[in-house]
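**Q** Spelled out, the chains give:
Protein chains: 2
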Amino acid sequence: MIAKRLIEWGSSGSTIREIAAYGEARAAQIGAENVFNFTIGSPSVDPPPCVYESVERLMRTLPPTQLHAYAPAPGYESVRQKMAEHLNRSFGAAYRSQDIYMTDGASSALAILTHALLGPGEEALTLTPYFTEYKLYVEAAGGTLREVPSDPETFQIDLGAVERALSPKTALMILNSPNNPSGVVLSRESLTALGRLLEERSRIYGHPIYVIADEPYRELVYGDVEVPFLPLIYRDTIYCYSFSKSLSIPGERVGFLALPPTLTDYENVHAAVYGAGRALGYICVSPLFQLVAAECLGKTADLSVYEKNRNLLYGALQGMGYQCVRPDGAFYLFIRAMEQDAKAFCRRAMEMDLLMVPGDDFGCPGYARIAYCVTTEQIQRSLPVFEKLARSYR
Amino acid sequence: MIAKRLIEWGSSGSTIREIAAYGEARAAQIGAENVFNFTIGSPSVDPPPCVYESVERLMRTLPPTQLHAYAPAPGYESVRQKMAEHLNRSFGAAYRSQDIYMTDGASSALAILTHALLGPGEEALTLTPYFTEYKLYVEAAGGTLREVPSDPETFQIDLGAVERALSPKTALMILNSPNNPSGVVLSRESLTALGRLLEERSRIYGHPIYVIADEPYRELVYGDVEVPFLPLIYRDTIYCYSFSKSLSIPGERVGFLALPPTLTDYENVHAAVYGAGRALGYICVSPLFQLVAAECLGKTADLSVYEKNRNLLYGALQGMGYQCVRPDGAFYLFIRAMEQDAKAFCRRAMEMDLLMVPGDDFGCPGYARIAYCVTTEQIQRSLPVFEKLARSYR
Chain W
8 MIAKRLIEWG SSGSTIREIA AYGEARAAQI GAENVFNFTI GSPSVDPPPC VYESVERLMR
68 TLPPTQLHAY APAPGYESVR QKMAEHLNRS FGAAYRSQDI YMTDGASSAL AILTHALLGP
128 GEEALTLTPY FTEYKLYVEA AGGTLREVPS DPETFQIDLG AVERALSPKT ALMILNSPNN
188 PSGVVLSRES LTALGRLLEE RSRIYGHPIY VIADEPYREL VYGDVEVPFL PLIYRDTIYC
248 YSFSKSLSIP GERVGFLALP PTLTDYENVH AAVYGAGRAL GYICVSPLFQ LVAAECLGKT
308 ADLSVYEKNR NLLYGALQGM GYQCVRPDGA FYLFIRAMEQ DAKAFCRRAM EMDLLMVPGD
368 DFGCPGYARI AYCVTTEQIQ RSLPVFEKLA RSYR
Chain F
8 MIAKRLIEWG SSGSTIREIA AYGEARAAQI GAENVFNFTI GSPSVDPPPC VYESVERLMR
68 TLPPTQLHAY APAPGYESVR QKMAEHLNRS FGAAYRSQDI YMTDGASSAL AILTHALLGP
128 GEEALTLTPY FTEYKLYVEA AGGTLREVPS DPETFQIDLG AVERALSPKT ALMILNSPNN
188 PSGVVLSRES LTALGRLLEE RSRIYGHPIY VIADEPYREL VYGDVEVPFL PLIYRDTIYC
248 YSFSKSLSIP GERVGFLALP PTLTDYENVH AAVYGAGRAL GYICVSPLFQ LVAAECLGKT
308 ADLSVYEKNR NLLYGALQGM GYQCVRPDGA FYLFIRAMEQ DAKAFCRRAM EMDLLMVPGD
368 DFGCPGYARI AYCVTTEQIQ RSLPVFEKLA RSYR
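These protein sequence lines map, in sequence, to chains W and F. Position in the first sequence (first residue = 1) + 7 = my numbering. Position in the second sequence (first residue = 1) + 7 = my numbering.
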């Protein structure tokens, strides 16, 4: 008996990949330079030199049976130690190597954590808009994802909405800042208020409400913007990180999760993470790339093009009458569709070879996501098409 | 509410890793050359030159944002095409690129397939002895693993035992040949008889019984031994392969599963595999290493040392009075413990710094697994210790 849900998840695929595939087919017809594909959030800048240098040095110096051998399930001790030290140095935290569990990017950390932390019938909250796959991770773990609308003016936390969504069934909340797809960075003020609310409710319900801080875009912020380190604001926060965006190596799948030593019920959560990792088929993170990530800690690809792109595109779209919350991070703009149905809006854009993803996919109908991790030149050349699209609605 | 099962799976870890960790600690005390560690099934020979050549060439010729970018979830079309062609050429099969789904080694293929194919309350059968993690994959998917004893004289299929274990609840059977931990290769004769039985029962029950053929050790066979290609014997077989052992790159996690075009309910299984992959947090296999695997198809590391080790160790142990079914493949010997309790037997060996894994971990008490993927020299020097252990029981 094949689960209907899995068939649905498998055959719908993600709208993002479908539109991207259309874009590729179209590019073959009319030339890639004539298709303005803003669908895929894949880094467009080269990894920093340290990535190549590390790969080259490791392959030259380590015995190959060691370099490509099974690594311990939670990662090499030396790598975990370095991750912990980096967090402690950067944020004043107090992680130990045993608190770090290396993962295949943030996605596997999220799948492992939802399985570890959610019992049947329990709920996970997340703010809209949110990364599509959260729903799958939560439901595959037997839980229910409850979407909590953000403040529609700012995409910051609407504390009243969180308050109304919380219940004794709430076991988990997933936060993503800088946010995919809105680019918004959650403010210290709103996180502090949220932390107080969750502490109070944990006390009332008599069980912890864990927070997963999903932060693969942490380094992609522009201007003088703080990305508060949530584990120091709310005690029961599990931090998830991926090197996909900061080092431009999304395909190689390297990241980690960090359990704070003071986490409620630490021993059981720790064991359940290990158990979930085994049960979901994860054996280890690539030994080569976990060593590379450890050697490149604190370094990033040249991220300046993303800021340049954001400024160019955000400014131009505003001038054309598009509405959009100013994104302080990640590489996404989340614009209001110019008609009620964002899918129809994106279809009309698609007929102009301008490809965006409707917000419906992010639990936020009425919007469209533009992934501006492309060349600045593509953005420049797309502006007349954005203008044409806007004009068609006037 | 943290699932008790996950806590158990996480805190028990695997006995294998525990004993291996003891071995490492002991090696630090008395010197690695004085600890005879036969616990871990990790390749001891270098990858073939094509692995390095491919890594080097790919890193030199492909733009890095492409080489380390997100690959499509099921793998690159070109890679899947090559995998299909290789199977077709090697075995006379008829796979198409869309039948291949690249996975993080065989473990993730197994986790994905158990989730895709097992409904709540359904059963998966496997023959004892079997790879420990099968139980986790099956139970995490909501099913029950039913252990079917093999013929104790040969570790071949005991058809009567399978017959007795089958029921309308049987949705799946997992086979592993060459077998971890016994090293036994299932014969064409026994697989043909099994195929007939499963066909008959599928008809009677009115639903397919899928077989997963887990074959990461396919190339590690010694002498004139056939490893029959099960998908051509039994129609509803899904083939799982890993490059971990053949290319000596277990840490890099590259493998695939192959759905035969004639599989019962193909479309739904295909979609459920994609859905399960998404839901378990898998994004893609390393683009670098899936390209490397495709370039190295048909090549293997120099596996001759394993045959040499098997001959040396199997011969010597027989001479000392150990009982063991002659293993034709993989790199394991599965000996009878010299007392009823294999854990006590392994503890006594451990006190002599000889490390093996008790068969209890493989659903087969009374035996111990020796992983002979070590240097031939280690085997030679361990023989007096094996002799001492045997003598202690005389």
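Derived from the structure by calculation, the hints contain no laboratory data. Treat the numbers as computed from the prediction; the structure is a model and nothing was measured. Warning: the hint list may mix true and false statements.
[To be verified] Restricting the straight-line Cα-Cα distance to at most 27 Å, the calculated cross-link-like pairs of lysine-lysine (DSS-like) are:
| hint | chain 1 | residue 1 | chain 2 | residue 2 |
| --- | --- | --- | --- | --- |
| 1 | F | K315 | F | K395 |
| 2 | F | K89 | F | K306 |
| 3 | F | K11 | W | K142 |
| 4 | W | K11 | F | K176 |
| 5 | W | K89 | W | K306 |
| 6 | F | K315 | F | K11 |
| 7 | W | K11 | W | K176 |
| 8 | F | K142 | F | K176 |
| 9 | W | K176 | F | K176 |
| 10 | W | K11 | F | K89 |
| 11 | F | K350 | F | K395 |
| 12 | F | K142 | F | K11 |
**Q** Looking at the structure, which of the earlier hints fail to hold?
**A** Violated hints (numbers, rising): 6, 9 and 10; every other hint is consistent with the structure.
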